[in-house]
Each structure stands twice: as structure tokens, then as C-alpha cells.
Amino acid sequence: MDYFDIFIGILGSAIRLSIPLLFTALAGLFSERAGIFDIGLEGKMLVSAFASACAAYWTGNAWLGLMAGIVVAIAFSFLHGFASITNRGNQIVSGVALNFVAAGLTIVLGQAWFGQGGRTAQVPGSGRFTPIILPGADAMREVPILGPLYANVISGNNILTYIAFLMVPISWWVLYRTRFGLRLRAVGENPGAVDTAGISVSWLRYRALIVTGFLAGFAGTYLAIAQSAAFINNMSAGKGYIALAALIFAKWKPVPVMLACLLFGFLDAFANFMQGKSIPLIGEVPVQIFQALPYILTCVLLAGFIGIARPPKAGGVPYTKER
Amino acid sequence: MSLDLPKEIEPAIELVGIDKKFGAVHANKNINLTVAKGSIHGIIGENGAGKSTLMSILYGFYHADQGEIRISGKPIAIRDSQAAIAAGIGMVHQHFMLVENFTVLENVMLGAEGGQLLRKGVASARKELKRLEDDYGLEVDPDAVVEELPVGSQQRVEILKALYRGAEILILDEPTGVLTPAEADHLFKVLRVLRDQGKTIILITHKLREIMAITDTVSVMRRGEMVATRKTSETTVEELAELMVGRRVLLHVEKGDANPGRVLLSVRNLSVKDARGVTMVDNVSFDVRAGEIVGVAGVAGNGQSELLEAIAGIRKPASGEILIDGKPVAGIDPAGLRDLGLAHIPEDRHHMGLVLKFEEYENSILGYHRDRRYGRGAMLDLEAMRKDAEEKIAKYDIRPPNPRLKTANFSGGNQQKIVVAREIERDPNVLIIGQPTRGVDIGAIEFIHKRIIDMRDAGKAVLLVSVELDEIRSLSDRILVMFAGKVVGEKTGDAGEQTLGLMMAGIAA
Ligand SMILES: Nc1ncnc2c1ncn2[C@@H]1O[C@H](COP(=O)(O)OP(=O)(O)OP(=O)(O)O)[C@@H](O)[C@H]1O
Ligand SMILES: [Mg+2]
Chain A
0 MDYFDIFIGI LGSAIRLSIP LLFTALAGLF SERAGIFDIG LEGKMLVSAF ASACAAYWTG
60 NAWLGLMAGI VVAIAFSFLH GFASITNRGN QIVSGVALNF VAAGLTIVLG QAWFGQGGRT
120 AQVPGSGRFT PIILPGADAM REVPILGPLY ANVISGNNIL TYIAFLMVPI SWWVLYRTRF
180 GLRLRAVGEN PGAVDTAGIS VSWLRYRALI VTGFLAGFAG TYLAIAQSAA FINNMSAGKG
240 YIALAALIFA KWKPVPVMLA CLLFGFLDAF ANFMQGKSIP LIGEVPVQIF QALPYILTCV
300 LLAGFIGIAR PPKAGGVPYT KER
Chain B
0 MSLDLPKEIE PAIELVGIDK KFGAVHANKN INLTVAKGSI HGIIGENGAG KSTLMSILYG
60 FYHADQGEIR ISGKPIAIRD SQAAIAAGIG MVHQHFMLVE NFTVLENVML GAEGGQLLRK
120 GVASARKELK RLEDDYGLEV DPDAVVEELP VGSQQRVEIL KALYRGAEIL ILDEPTGVLT
180 PAEADHLFKV LRVLRDQGKT IILITHKLRE IMAITDTVSV MRRGEMVATR KTSETTVEEL
240 AELMVGRRVL LHVEKGDANP GRVLLSVRNL SVKDARGVTM VDNVSFDVRA GEIVGVAGVA
300 GNGQSELLEA IAGIRKPASG EILIDGKPVA GIDPAGLRDL GLAHIPEDRH HMGLVLKFEE
360 YENSILGYHR DRRYGRGAML DLEAMRKDAE EKIAKYDIRP PNPRLKTANF SGGNQQKIVV
420 AREIERDPNV LIIGQPTRGV DIGAIEFIHK RIIDMRDAGK AVLLVSVELD EIRSLSDRIL
480 VMFAGKVVGE KTGDAGEQTL GLMMAGIAA
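Sequence lines, in order, name chains A and B.
Each residue of the first sequence is one higher than the one before, counting from 0 in numbering that gives the first Met the number 0.
Each residue of the second sequence is one higher than the one before, counting from 0 in numbering that gives the first Met the number 0.
Don't take every hint at face value.
Unchecked claim - Under the rule of at most 25 Å between Cα atoms (straight-line distance), these lysine-lysine pairs were calculated in the DSS-like manner: (1) A:K312 to B:K405; (2) A:K320 to B:K36; (3) B:K272 to B:K254; (4) B:K356 to B:K206; (5) A:K320 to B:K405; (6) B:K405 to B:K356; (7) B:K230 to B:K28; (8) B:K206 to B:K28; (9) B:K188 to B:K36; (10) B:K126 to B:K188; (11) A:K320 to B:K356; (12) B:K188 to B:K206; (13) B:K230 to B:K206; (14) B:K254 to B:K449; (15) A:K312 to A:K250; (16) B:K20 to A:K320; (17) A:K252 to A:K312; (18) B:K230 to B:K36; (19) B:K119 to A:K252; (20) B:K490 to B:K449; (21) A:K312 to B:K356.
What the hints assert, rightly or not - Calculated Cβ distances over 10 Å to all of chain A for the following chain B residues: (22) E112; (23) F187; (24) V252.
In case anyone wonders, no lab produced these hints; they're calculated from the structure.
All residues carry an ideal CB built from backbone N, CA and C; glycine is no exception.
From just these sequences and the hints, can you work out the full model?
Here it is as C-alpha cells:
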């Protein structure tokens, strides 16, 4: 295997690993731009992974699995909204609580329904999103450089991967070209301005959270029935937090969000590749170092290398008319 | 209390029996008010009289507990701001309601986008803004980001917002509090044009001069009640002041001659740069002696703020020296400066003077919490703090007189009094003051001015920065005029307004 093949291999797996991050970070983008911090992305990903695995197993239909994942993630969004918008609770506390609920609930229900220690049963092929071979992938394979790139990185992904990348320009368009997007960005900066413009702050924020749930549902579904074939305990494994880091890293903007997720996906893929390999002169490096890279990178970059990351001004603060 | 309007003039707004309580605070008591269409109606009243509350009710931001609102004779329920906008009411709030990182255009469009997609709305908003600019002289660059605009322009954006949504009635809550005199003049020009085109304007202000200059009628509020309404042409500043406060007010403080003693504050060749590296204070030198008030006049943004902050130890000078009582203070932090006998009333009470979420008594010792009187070691003596706060509340007539109330719930003027009380009651040797009476009613201005003069007479050095030329002229023994970061001249306290005005504009020295 020459270096180019290795590179292509890592790139392909980087794409696959970055997809759940991308969906989740875009989900967070909508709630945070509306002024609702959502530390509960992790939990949403987890419950939607569980729901989609169950639904896909029972119906044998991947799309119904996706539907179930989305519905459950939106339901969790509503809980978050009820606590933090309607009752003006602390958004961080509500989000953390929902993460615990998600972790516990999936294990309890999984054990009750499938009796496999929290796992769901293996989802059959029809209930999964399987790789799609794009036209001409085989024919292209022999073309130097571009060929392998097309055949192994661009082609051969499942439909959710393509949807994820499609969501980037769509998110951008919604945020910057629609009325909903304008109001959403406004409510995250100064809800008073939105209120005095005669727009309901609460309803607007609820709608933002619905979008968040919708996108988080894709993320969970991808984990359960696209990347694997069943739900496994705690399968989100902190991806919700990494997605949040990517969001901050990207200064709450859609296209940079994509780039940040790809970078984190690449680091993850690289860590996997380095497992058990030794580096000349240094020897074998513990894989944990590579696994920690995204976190270290986030810390280092947040500590000043990306300039000031200015979060939406009204983020985290419940809106009240009282002074 | 309604005014007898000539029969042919129809009322634009009628408020009947409006009542509003915030917990124990009775902010509006059975208010009746009629405003004629096509007129400018002023509302004045002490701090906390309930003016902002009444207007917020009219704009649907708060709900009245009781009462009726009629617009053009028809009773309507204003459930929220949307209903108010639909009824043709627009409001420029005391604290602007703008999205700071949006462009002017985006701010104007918000809530009136004209469809699900922005593109069409953007084009028509651009056209409409151009028209409003031509018609009313409301000039702003539609693509400028709001936070980069000076306050005067930000306010224009607020007015544009209201007009863009088709407001026939425009409420302005203390619009000139933050404006330079030139900006205020421009605003009044705009308001006159609006009135002449048939719009109805309600103007809240503490400046009686503005009331006399621009309003047709004026109403006075006191402690939640509407106590009088007058035709502006038939009243005087003195009468209005008395109606407002309920007693005669000295509009000009009386003070004897100064007895300057030794130099307590000395500034030597001071230069200060702002965050972008622009020189804001340029090689400034002056002294303030014990027993004198030195005023710094100037149009806002000519370096006064930076000068004040440098002396207070908040901003590091680029070069030069500051001496308090002969001791150089380089490297001493604000707390250390306080120990040297310096007190600072900052220009912006919200950003620097107060923690709005704290209760009043906590703010009333803010920065002095290490004082032995308020506790020992790591522990605070809450009892002592509250007793101290109560004394200040009584002395400065802070309303409502409740040290346990959240500071945010005091009206703007009363918040200012909390800061003034805290700093003056420390009995400092050097007092530096920025905009001491911004947003403060005339009764309180009289009181604060008296306290400042008392400080002087007790042999303290006072440095006063204010954009209110009247204030500078009536308090100062000497006046320094700043322009573009330099002190362009020094005059005695009795210098004429004209002379100072020209110096402030950088024309004469
Ligand atoms: N949201 C609120 N919650 C509690 N109290 C309030 C609230 N808004 C106003 N108040 C109280 O109601 C009274 C009237 O306040 P308001 O802001 O209307 O006064 P104002 O006449 O506008 O004063 P100023 O000239 O200082 O702006 C004050 O005592 C204030 O403390
Ligand atoms: Mg007010």
C-alpha cells in the first residue's frame, strides 16, 4: 500500500466519522443562534439512535427508523424548551439532565425489550442505510488521483452522508435568506428587539428547537442504522460534546461548522489508523494521545488562536420582560 | 385632568383610568391622558414617576391592570407589541432595542420582512429607507452594522424602524439623554417634520428646555399620578418644575467663590490610546486644587471618557503621569486609588457603576466591601451594610426606599442616585465625576449639584466631565474644553455658552 492509498483510506473514514458531528453541530447551530444553549445534543443523539434502531428493527424500513429518530429527538427538544423557555429554567442544567435521562432510558428500555444488556437486536439489511455506489465509480477507479478519490471517498457512502452535506447550504440559506432565519438570529442576540417588533420570543425559540431536534434525529439515526446495525449502549460516546466544540470553533457559522467537523472527523480517522502503529524514532504512541487530539486542539484554539469566538449575546439567558 | 381641546382637533390617543402595579410598587395610578393628533406632547416627571411604564403599556410591552386605551377614538385592546404596531404605534425605548450585530437594514426589516423570503423585502426596504431619508432627513447607511454606529445614528435606526412599520404615533422615551447637542438638534428637526406631516409624537424628557422648545402640550407625572397638563405656550419652566417635584426648585445652584488650596490631582502630559490604538487623549496637562471644581467640556467622543478612565485607573495611559496629592499613581489599581482618597462616579452606570442583578444595599457598598465597617476578614456584615444603605436611601431620597430591591428594578434616575450616594458618602479627597445627572430628574439634579458643591466647599478637589454644557457652566470654577483629545482652552466658570460652543467645535481656542 502506498501513502496515497493510505491517505484515501483515512479520508474516506474521516468523512464517515464526521457525519454524525456535522448533523449534531448544525442542530446545535440552530438552537444556539436562537439563544438556547443545548448541552443536551449528546442525549438527543442517543435517544434518536435508540428509537431509530428499534423502529428499523420492527418495521425493517430504514426510513421509518429515521422518522422515529427525528420524532423522539424533537420530543426531547420540547422537554428542553419547556424547562428553559416556558419555565425559564437554567439551560445547562436542563440539558445535562436530559443527557442523563437519555443514557438511562435507552439502557432500561433496551434491556426490557431486547434483553441484550441494553443493546437492540441486529437490524436487517433492509432496515439500514447502506452504501450507494455512484455511477461510473468502477470505471473511474483507474484514473490517477481523481479516480480513487471519486470511487472511495465521494462514492460509496450512504444517503444520509449526502444529506448531511446538503444540509450545510440549506442551513446557511435558512439562516441568512429567510424570514425565519433573520428572526432566529435576532432572538439569539437581543430578544427584546424581537419582542418589541411584535414577534413571540417563546414560539420562535421553540421553532428553533424543533429544527434542532430534526437535525439531531438524523445524527442518531446515522449512528445506529447507517454506521452500525444496532443500538449499542452509550454509542454517541461524547460526539455531542465534540459537535459543540466544533460549533464554537466555527464561530456559529454553517460552512465553518462543516470544515470543523471534517477536521475533527479526520483526526478521529487518523487516530484509528495510528492504533498499534509505531512512528519512526519515537516508537509506538499510545492511541489515547490521538484520541485526545480533537479536545486538545479545541482547547488550544479556543485559547486564542481563532480570535474571539463571540457567542450569540442572549445565549443562555431566559427571556423576561421584568428588569 | 384632560385638556380642553378645540372641537375640530381629534384625539390620536386617549388613556382612560390606566393602573399598573409591580408588586408593592404602584407605578401608574388611574392615569388619564389625551393626546391630540398631529401634535408633540411632552411628558415629564421625577425619576420613577411611572413615565416609561405608562408608555410601555401603550406599546403593549406591559399589561395595564386596569384601564382603557383608545386610538383615534376607538377602544382597542393592546395585548402585545404586535397589536400596538398594527394600531400604528411605534416606540423608541429608553434603552435601544436593536440587534447590534445586524445591519441597519436587517434591524429595520425585523418583524416586517414582507414574506417568508428576505430577498423581495430587502429591495423594498432599501427603497423605503431612501424615501424616509429624503422626506425626514433621517440619514443612515442601510448596510452599516449597528454596533459600529454612534448613538445618534442608532437612535435614527429606531425611529426608522417605527416609521417603516407605518407608525402614525411615535413614542420617544428620553431620546436626548445620550445625544450630543448637535444630534439632539437634528432629532428635533426630524420630529418637527414628522409632526407637520400629521404624525403624533409623545416625548419623554427630563430637560425642560427641550419641552419648551419643541412640544405643543405637556403633561406632568408625579409618583404614579398624572398631576397636570398644560399648553406649552401657556406655561413656564418654573411652573413645570414645581408641578413635577411638588415644591419650588432651584434651577441654578447657588455657590460662593472658590478657595483653591494645594494641588490634589495633577495630570502631566497624559496620552491615552483606545483598544484600536487610536490616540484619544493627546498630551493633556492640568491641575485640580483642593476646594475647586474643574469642568471638562466637550462634545462626546473627544477624549473625556478616556481621560476619566485613565485617572480612575481603569485604562492604562500610553504616556504621561497622574499624581494624587503629589504621589504618582502609575501601576496602582482602582482599589488602591480608592485608598488614596479617590472616588469615581463612572459615566455609564450600567457598565461600570452597578451590578444590576444585585440588591440595592449590595451595590451601595460595591468596591468598598473590604472596608472594616461592612465586615471583618472574609465575612460581610449584612446588617451593617443594610443600615448603611438605608441611611443613603433616606439622604438621597432614593425611591422606592427598599435596600432589598433588585437594582434593575429601580428607575434610571434612582440607579444614578445609588452610585452618586456611594461615591460621595465615602468623603473622598479627589472626586472625579462623569455625567453625574444623566437621566436624572430636576429635583435630583438640584440635590446632586448641591452635594458636589458641598464637597468643594469642604476642600475637596472635583473633576467634572459632562456633555451638558449647562451643568458644566453652573458647577465649574474653571472649565477646560477638550477637542480631538487635546485641551484646546481654559475658561473661567462664567464663560459664555457661545464661546464654549465654538471651542468645543474646534473652531476657536
Ligand atoms: N419591570 C419592573 N419590575 C418592577 N418594578 C418596576 C418595573 N418597571 C418599573 N418598575 C418600578 O415602577 C416605577 C416606575 O418606573 P418607570 O421606569 O416607569 O419610571 P420613569 O418615570 O420612567 O423614571 P425615569 O425618569 O427614571 O426613567 C419605579 O418605582 C420602578 O422601580
Ligand atoms: Mg424611564
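Against the structure, the hints:
no.	hint	result
1	A:K312 to B:K405	22 Å, holds
2	A:K320 to B:K36	30 Å, violated
3	B:K272 to B:K254	36 Å, violated
4	B:K356 to B:K206	29 Å, violated
5	A:K320 to B:K405	14 Å, holds
6	B:K405 to B:K356	6 Å, holds
7	B:K230 to B:K28	23 Å, holds
8	B:K206 to B:K28	24 Å, holds
9	B:K188 to B:K36	19 Å, holds
10	B:K126 to B:K188	22 Å, holds
11	A:K320 to B:K356	14 Å, holds
12	B:K188 to B:K206	17 Å, holds
13	B:K230 to B:K206	17 Å, holds
14	B:K254 to B:K449	9 Å, holds
15	A:K312 to A:K250	13 Å, holds
16	B:K20 to A:K320	14 Å, holds
17	A:K252 to A:K312	15 Å, holds
18	B:K230 to B:K36	15 Å, holds
19	B:K119 to A:K252	24 Å, holds
20	B:K490 to B:K449	22 Å, holds
21	A:K312 to B:K356	17 Å, holds
22	E112	4 Å, violated
23	F187	24 Å, holds
24	V252	32 Å, holds
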